[in-house]
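Chains as they are written, first to last, in my numbering: chain F, 1 to 168; chain H, 1 to 554.
Do not take every clue at face value.
A few chain F residues that face chain H, going by a derived Cβ cut-off under 8 Å, partial list only [unchecked claim]:
| id | residue |
| --- | --- |
| 1 | Lys3 |
| 2 | Leu4 |
| 3 | Asp87 |
| 4 | Arg89 |
| 5 | Gly102 |
| 6 | Thr104 |
| 7 | Ile114 |
| 8 | Asp116 |
| 9 | Tyr120 |
| 10 | Cys124 |
| 11 | Asp147 |
| 12 | Gln153 |
| 13 | Pro161 |
| 14 | Phe163 |
Hint data in this document are derived by calculation from the structure and do not stem from the laboratory. For every residue, glycine included, the Cβ atom is placed at its ideal position computed from N, Cα and C.
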Amino acid sequence: MPKLVKDGAIIDDQWALLAKPDTDADTVEVPTGAVIIPLSVWLAQKQHLSERTDVGVWIDSDESANDLAEDAKTLPLIAVNFPAFMDGRSFSNARLLRERFGFTGELRAVGGFIRDQLCYLSRCGVNAFRFDDDSVNLEEAKKSLEDFTEFYQAGSDQPTPLFRRRTA
Amino acid sequence: MYIYDKYDHEILSQRVAQFRDQTQRYLTGELSEAEFLPLRLQNGLYVQRLAPMLRINVPYGMLNSEQLRRLARIARDYDKGYCHVSTRQNIQYNWPNLEEVPDILAELAEVEMHGTQSSGNCIRNITSDQFAGTAPDELVDPRPYCEIIRQWSSFHPEFAFLPRKFKIAISGSQMDRAAIQVHDIGLQLVTADNGDIGFKILVGGGLGRTPVIGSVIREFLPRIEILNYLEAILRVYNLHGRRDNKYKARIKILVRAMGPEAFAEAVEKEWTQIKESPSTLREEDFDNAKAFFTEPAYEALDETQAATLLDQQTADNVAFSKWLQRNVRDHKKPGYAAVTLSLKPTGIAPGDVTDSQLEKVADLADQFSFGEARTTHEQNMVLADVKKSDLFALWQAAREAGFATPNIGTLTDLICCPGGDFCSLANAKSIPIAEAIQRQFNDLDYVYDLGDLDLNISGCMNACGHHHVGHIGILGVDKKGQEFYQVMLGGSASNDASLAKVLGPAFGAEDMPQVVQTIVNVFLENRTQEEIFIDTYNRIGIAPFKERVYAKAS
Ligand code: SF4
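Please work from the sequences and hints to get the whole structure.
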């Protein structure tokens, strides 16, 4: 079973990921079992899917967390995708999910991000990391979560910026 | 000047360790070229035509003498004994070894310096006015605000992979010396009628291949909200800026595509949701920041006495008198002056400075200016707090060290990017053109008589030499593998910011000195007594220049 880093530990990935449909989002069949579905499929079928507790949603970098908005709170898992590691839009989407839409479940980075982004991603509220590249040594990679232990500005992990903590 | 505390030191040392590990992983092949690229850029490391180039931030241009000496030592130990002052007030080394860069960064961290976010698609070093804190026309000292924003932007987790690079400049004076109208964000400090301090906010200015003057999106933002507001601008840009084409990825393209009004609306909407957050600044936060930029221990001096002494010294010394007029500026404190050290003697690449010269600047700073110096975006250095009674001694020392060319603000004080001699993006060389023009105008009295004249040279349309905002701008172009130069006239980076217009077809390198001479001749024939070049140009337009420059030899 493929593995991922979640909350600093290496665990089995229990979730399947459904690719974006070629056909209409409302006719795609969502398989049973834990599955992360594209945002479009969620939006088209949420009426009946919202009863399931094993459905998560993934948001591509050119999609907006605003489209999920209040739904976020009801989901067990949301993934933000990196089509390429230089595409930084998912950093903003992640923060919006945590800070604006109050999402408290598993926030997962998926796709082509790299280990050197782990620390910043976790500051944006991401707590699970599923690399596309299975050859990544997760034991080594998760060290990058600790690249920095102190930060100037507020983030999802630390709402109080350093200038306030300095004078506290 | 800002002094690091344990937090700053901790963060920076973690950064050095992180980059050391990344470099190691790159050298062992664990990190690919493509993955290492943005990581090294965000630590200041480019790979250039001949060797890597390492860009070191000089936050808002301020350096102390210890930092100057360390920069000198690095130039000597790791480079070829010199470095370069860039057009964004930073320091660049042209010949470091990749393997040694982590060591260089460690040496810099010891003196509270770094290359973090000096390149790459992230928020770059914040730039400002080289005369901050000393200029008589200053409304609000911009440096505490620069420092607050520097800290907010450093290692910002959300904005490290933006569509493109992002530059912020802040001005706090009446006269804009920070070119805020041609930055991604330009911030003008303003005071409301009730005395409240705030910012006028411009976005979407920039040079490069699509030069644009920034649009005002807010006339007054209370200063307590600046970090939230910046976060809102950056978030809109990060989510909506184009990523499909790097030439269309700057915020100016987004602002233009949406229209400044719609862009402003999107920002306001985002800001409404995040304002009054813990990132809202308090009175005490400004006080804390300001405490680092207090006045040095100025003496109470008598201005008249100082002036009398200078009158005596200039009476029988024309050279000193010229230097005084061109390189020395008024200061808000009686009996003090701000002095620009020229890094533009003819024959040296503009902005280049050797290790021993840096040490000399450090000595002069210690002796004459409270141990501090500044870099300028015109690629010179400034001693900002010199007693007028010391000017003569400083002039003599600066002359000996080669810093006293009395050409500040004149034609030969030209801004010039590294160009084809160093830069792999260049279409043409720029340094030899600068030198040829300096040689053409080697008569100091003549240049002096021309008055203020900005001549800016870039080696390609990326416009690092700010050619669009030169009174005379020169752009290197490539035509079928040959180097040519396009000339443009009428640009300005100041309050009346304007973009230069192209004069006509490009010229070969050998023609350039004569072309500039002809342009200057047209100016001299048309100027009124009071006019400087840009005034005459604005009055008579481009036609007379065009006519003469392209006149057929008869
Ligand atoms: S303007 Fe072009 S040639 Fe000059 S430094 Fe910039 S990228 Fe290089």
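**Message:** Tell me the hint numbers this structure goes against, listed in increasing order.
**Reply:** Violated hints: 1, 2, 5, 6; rest satisfied.
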